[in-house]
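Chemist: The lines below spell out each chain.
There are 2 protein chains.
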Amino acid sequence: MANTPSRWSITRRGWLAAAALSTLLSACAPMAPATGADPLPSWNEGANKQRIVEFVRAVTTEGGKDYVAPGDRIAVFDNDGTLWLEYPVYTQVRFVFDRIRVMAPMHPEWKEKEPYKSVIAGDMKGAMAGGTKGILEMLGVAQSGSTTFEFEAIVDQWMKASNDPRFKRPYSELTYQPMQEVLRFLRANGFKTYIVSGGTVDFMRAFTEPVYGIPNEQVIGSRQKFAFEVKDGQPMVMMQPQLEYSDDKEGKPIAIAQIIGKRPIAAFGNSDGDFQMLQWTTAGSGKRLGMIVHHDDAAREYAYDRKSSIGHLAEGLDQYQAMGWGLISMKNDWKVIFSPAK
Amino acid sequence: MANTPSRWSITRRGWLAAAALSTLLSACAPMAPATGADPLPSWNEGANKQRIVEFVRAVTTEGGKDYVAPGDRIAVFDNDGTLWLEYPVYTQVRFVFDRIRVMAPMHPEWKEKEPYKSVIAGDMKGAMAGGTKGILEMLGVAQSGSTTFEFEAIVDQWMKASNDPRFKRPYSELTYQPMQEVLRFLRANGFKTYIVSGGTVDFMRAFTEPVYGIPNEQVIGSRQKFAFEVKDGQPMVMMQPQLEYSDDKEGKPIAIAQIIGKRPIAAFGNSDGDFQMLQWTTAGSGKRLGMIVHHDDAAREYAYDRKSSIGHLAEGLDQYQAMGWGLISMKNDWKVIFSPAK
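Protein chains in written order, with the working numbering: chain A, 5 to 346; chain B, 5 to 346.
Hints should not be assumed to be uniformly reliable.
What the hints assert, rightly or not - If you want the footprint, here are the derived chain A segments under chain B, 3+ residues with CB under 8 Å: (1) 40–54; (2) 202–210; (3) 247–259; (4) 275–286.
Unchecked claim - A few chain B residues facing chain A, derived, Cβ under 10 Å: (5) Y91; (6) K129; (7) T151; (8) E221; (9) G265.
What the hints assert, rightly or not - No farther apart than 30 Å at their CA atoms in a straight line, the calculated lysine-lysine pairs in the DSS-like style are these: (10) K229/A / K137/A; (11) K291/B / K229/A; (12) K266/B / K266/A; (13) K235/A / K291/B.
Calculated from the structure, these hints are not laboratory results.
Just so you know, these numbers come straight off a predicted model, no measurement behind them.
All residues carry an ideal CB built from backbone N, CA and C; glycine is no exception.
Bound conformation, chain A alone:
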């Protein structure tokens, strides 16, 4: 992989310009019907592909009973496990652990303090022993004391150097190609695509525009506390260690109502943390689309659901049919899993 030109080797500025151009182009042809080339070439033919294509056709057909004006074509996507790899460790947790190791020389006290000690030693089990509380404390330490813009640069640099132990690629190249096609297909049809994820918003903004074509203002996530400070006459918004908002479960529809102020018409998730977002989205009047990505492909990715703490999916499996949602089988619906390196 080392000789393949990576998407991340191109400057961020270049990517931002390309993303902006793509936004413009899709805005200029929002009514473009789904004709001609297959908009979802990485999807096998079947009920799930058909459901997505049919939904887009219905809501974009002017004069049709399901027509939705472009301004109301809001689609929301969970990130971890829905758009990119989350198993067996959330990518943001990998970042936090790496960052703790980078910071360790300035914190000699961590040598004797758990879970820092285990993180520094590379003992994953020990690092996880403190549960969510321990991880959030480390996240606060690893992600504070800088502006969001400085922090984005830190994540960007980390991402370029990252290398998944199993797939031997940076995490920015472990996004799901079939979902990338869904994002582009929706945008080509006048949708605004949003990420609504449990990850913290500043972590995601380091890569969502180059990787997904989703600009910062369409990324909703868990939020750390921010503080406004003026230092040497320079006003700055500084990241604080406290987590202020958890964008998970009922936190997802609430954040959507607060920040977007519209009820989405399409929602994609993969775990029970996405249940309320899909529930709220699909209970609206008119045609709606709710889809769950089911991780059932141990050969090409991973297989996990009811018994997993990462991407725990039980309520969704029990209720998706009654709710009228689609259950996407990664094994059967997707021709390929990951996006090609760019």
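The hints should help you fit chain B onto chain A, whose structure is shown.
Modeler: Relative to chain A, chain B alone:
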């Protein structure tokens, strides 16, 4: 005025469609230079008009040293006193008082309880006697127990029937025509225009799209607490009486960093509550625009600044020159004040 077709007499759906179309048209010509017709016809020639036009020209000139890619062309506007009338009583406070009167028959206890008693009696001085605390308590009562969508309909209905005691027009027609031109001029040049206001976001979203062409997702404001509830199988996001976030002073740059995730390149305000937003915006590298609307026209609107509690402006008057901001004189810079009825 009664026989003039009001903008508010047109259906909301029609306005949303028009606004969406206008968004598309501006997105398709984002590089359109400011040539030909005067983009700011309601502005007198002078330093402030020139400053705005020159700023837009500079950041949109490809290859120029001040060029800014469309995705980073973010402009933020305070609402009360910057885009529409705020004096001598914030319009949202007028709404809250009217709503308390509507709710009064279901609350016999209010007859003996201040400040409700004064509000019901139409005694403005008594209604205000409890200060911000009293007003926020009434706001919580007046703006809770419904979904945001139900609430928007309530505000919409109130707005149509509203009638300012001095200007004899609904508040939706008391927006500033020169600022409407700035909004359109910026959007025609590829900017995303955001409202960042102390008003609560759900109140503003009832009118920001039809009145300013600004969609819900570009409205940032103070936030009430929301709760996710499922009633009879119907999931709903319900407005709660508690104010969760105050979008004023340092709360403005913080909310922008959290929700937009980009530092704006242009900011417009009118009071010291906007100081930090202008400060943060204009301290960024590259060309920036900071403008303060100064209410100095008692004949056509009102004159107030240092001594006023509404729209208090002292820090901004003292520092605008050192900060490199423009001070807009409503009296001298604006040919007309209010937008014509539509």
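Chemist: Decide, hint by hint, whether the structure agrees.
Modeler: Here's how the hints hold up against the structure:
1. Closer than 8 Å: that is the beta-carbon criterion, and the stretch 40–54 of chain A has 0 residues meeting it against chain B, so the requirement of 3 is violated.
2. Under the rule that three or more residues need a Cβ within less than 8 Å of chain B, the assignment of the stretch 202–210 of chain A holds, with 3 such residues.
3. With 3 residues having a Cβ less than 8 Å from any Cβ of chain B, the stretch 247–259 of chain A passes the three-residue criterion, so the hint holds.
4. Coverage of the stretch 275–286 of chain A by chain B holds in this model, with 3 residues showing a Cβ closer than 8 Å to a Cβ of that chain against a need of three.
5. With a least beta-carbon distance of about 27 Å to chain A, the hint placing Y91/B at the interface is violated under the 10 Å criterion.
6. Contact between K129/B and chain A, as hinted, is not supported at the beta carbon level, the nearest pair being about 34 Å apart and thus beyond 10 Å.
7. Checking T151/B against chain A by beta carbon gives a least distance of about 8 Å; that is within 10 Å, so the hint holds.
8. For E221/B, the shortest C-beta to C-beta distance to chain A is roughly 5 Å, which falls under 10 Å, so the interface hint holds.
9. For G265/B, the shortest C-beta to C-beta distance to chain A is roughly 3 Å, which falls under 10 Å, so the interface hint holds.
10. A distance of roughly 17 Å separates the Cα atoms of K229/A and K137/A; the hinted pair therefore holds under the 30 Å criterion.
11. With a C-alpha separation of about 29 Å, the suggested pair K291/B and K229/A falls inside the 30 Å cut-off, and the hint holds.
12. Distance restraint check for K266/B and K266/A: the Cα-Cα separation of roughly 22 Å lies within the 30 Å cut-off, and the hinted pair is therefore satisfied.
13. Among the hinted pairs, K235/A with K291/B is consistent with the structure: their alpha-carbon atoms are about 21 Å apart, no more than 30 Å.
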